[in-house]
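Asker: If you're matching them up, the sequences are chains F and V in order. Following the working numbering, the numbering of the first sequence begins with 1415 at its first residue and continues without gaps. Following the working numbering, the numbering of the second sequence begins with 126 at its first residue and continues without gaps.
In short, the hints are calculated from the structure, not lab data. Watch out, some of these pointers could steer you wrong.
One-sided excerpt, in silico: chain V residues whose CB lies under 8 Å from chain F [claimed, not checked]:
{"hint": "1", "residue": "Phe132"}
{"hint": "2", "residue": "His198"}
{"hint": "3", "residue": "Asp227"}
{"hint": "4", "residue": "Ser316"}
{"hint": "5", "residue": "Arg318"}
{"hint": "6", "residue": "Tyr374"}
{"hint": "7", "residue": "Arg383"}
{"hint": "8", "residue": "Val387"}
{"hint": "9", "residue": "Asp397"}
{"hint": "10", "residue": "Arg398"}
{"hint": "11", "residue": "Arg539"}
{"hint": "12", "residue": "Thr544"}
{"hint": "13", "residue": "Ala545"}
{"hint": "14", "residue": "His549"}
{"hint": "15", "residue": "Arg553"}
Ideal placement from N, C-alpha and C gives every residue a C-beta, glycine not left out.
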Amino acid sequence: MYEVFEHTADLGLRIEAGDLPALFSEAARGLFSMIVEDLETVVPASERVFQLAGTDQEYLLFDWLNELLYTFETELLLLCHFEVHLEPNSLKATARGELFDSARHHLAHEVKAITYHQLSVRQIDAGWRAEVIVDI
Amino acid sequence: MGKPGFFGPLEQIAECCWKIPRSYKPGMLVDGLIYSSEQMIEQIRGDQAPEQVANVAFLPGIQQASLAMPDIHWGYGFSIGGVCATDPREGGVISPGGVGYDINCGVRLVRTNLTFAEVQPRLENLIDRLYHHIPTGVGRRGKYSFTFDELRELMEQGTRYLRGRQLATKRDVEYTEAHGQLDGAEPDLVSDRALQRGADQCGTLGSGNHFLEVQVVDEIFDEPAATVMGLQAGQVCVMIHSGSRGLGYQVCDDALHRLRGVPEKYGIELPDRQLACAPVESPEGRHYLGAMRAAANYAWCNRQLLMWQAREVFGKVFGRSWEQLEMELIYDVAHNIAKLEQHRVGDVDKQVWVHRKGATRAFPPHHPEIPEAYREIGQPVIIPGDMGRASWVLVGQPGSMQQTFGTTCHGAGRAMSRTAAVKHAAGRQIAQELARQGVIARAPSWKGLAEEQPEAYKDVNLVVDVVHRAGLSKRVARMRPIGVIKG
């Protein structure tokens, strides 16, 4: 699950999940829920594969969200469904979604960037929790 | 989790200045100084912004103090409203977080020879046409598109490049801070990703707090200065607030990625990763400066193209050319930038890197870097407020050179978080409320307007009162909004 928390000029995203792949997948949904008004309006029609290298969980989460943001901004590809596989030194993910269509999708925020401010990924009793603040 | 306040020391040391002593945290190299008023300081204690002022005091080579303007609010790394100067010869650093993602976000003010009475009957048509003609918001491409080679030229030359394309005049270039071009831009250091994001976004407004506003001069406070700028009560103006769009965000992002592990390499200990930095005189520092200056030049071109499109719309709506409407640029200021400037620190004149993160340059009269026409009155400072209340024109004062590295505030500053603002707006129609106040607002979403509603901001008049009383800049004119387009 994910929730948006307040940060004066920007928006924070708090994610909790039972394991790390689910945490990364929920984080991705959280990001797109800030970009588009209603994530349910996005149909998982086409597929895109992402591969990223990295060992530090926080940097890897950052790079993952950043890659998704770049894909959206350059291709207007809205993504809603994610399958994430984590290896010790890398992330591989299959994401599904569709191109932005102004007739069906309402965009909510222009996310300028993912920030490192108070970026955290840590273990909790029920699994994992991450926090990330994005620049609006 | 709500927003935790600041419980550290804040000592009032002057009528408009509060100090966080360097003894507050081990690692602070200088004091933190926040310009404020008794009325505003309690709100400033309400979030982590003062902690961020203290954190910036850790940056190697910082001079005098870590400063903050009265429109300070919680940012990431640096607070918004933060100012810091570093001396490269004392190991001074450059920090991309001290500029922000939106490199050279800034404001320009354009005058017209139209009065409110002339504009009012066509106001709704004017705002609708501006909204349709000027790309705003997420996912709208600009009408201008540049190849990568053209972009590199544009980033090297700044607004001068647009003169060659007949999209800027000599006067436009002259009345832009730094003449719309920072020397030392290195477009080759701007990544393909940044170019990709920037190729069709030059001349687009963007989203968030960016806007184009039609305003009326409400009251003049300094007649001689207003006359020099060609401003008088009842006159209609256009204010534009935008920055370097995706290109600048990507340049900042690339720089922060490159800086992973770099502070550690130079033995720099930081309290927040977002403060990542490198010595100015290091390969990493020089790389960022070359790319940052290129992005800054792009931002000036963006605001120039936004103004150009506004001129086209005014021309169509009023059936006269923009030249006949005398739509001249009064001035353009950057408020997210780092610049190498000469300042007196103690008894010594130094070249320092001034980081302005949500703060505006405010050079006093006779400063060589301001246009000839403004030498006697000081540099115009454009302060956007919120879309319901007011915006301001100020001029720089000698106090800014003595106290704040030639800097003043940049806007109202947020009082409510975006989520709080949306809750506050529940069940309300912000556009209709604004219309009843005489402001026509066009924006793609209810949420966007809710987040940017006037109540989400501090009262800009209180912010301006502080910088005026502190001698950083002087009131010249107040404008009220009559129409606004948002992304």
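Asker: Now, for every hint given, state plainly whether the structure supports it.
Answerer: Verification of the hints:
1. Phe132: 17 Å, violated
2. His198: Nearest chain F Cβ about 5 Å off; hint holds.
3. Asp227: Interface hint status for Asp227/V: holds (6 Å vs cutoff 8 Å).
4. Ser316: Because about 11 Å separates Ser316/V from the closest Cβ in chain F, which is outside the 8 Å limit, the hint is violated.
5. Arg318: For Arg318/V, the interface hint holds, since the closest Cβ of chain F sits about 6 Å away, which is under 8 Å.
6. Tyr374: Since the shortest Cβ distance to chain F is 5 Å, the answer is holds.
7. Arg383: It is violated, given that the least Cβ distance between Arg383/V and chain F is near 13 Å, above 8 Å.
8. Val387: 13 Å, violated
9. Asp397: 6 Å, holds
10. Arg398: 4 Å, holds
11. Arg539: Holds, about 5 Å.
12. Thr544: 4 Å, holds
13. Ala545: 6 Å, holds
14. His549: 12 Å, violated
15. Arg553: Arg553/V check fails; min Cβ-Cβ to chain F is 18 Å, beyond 8 Å.
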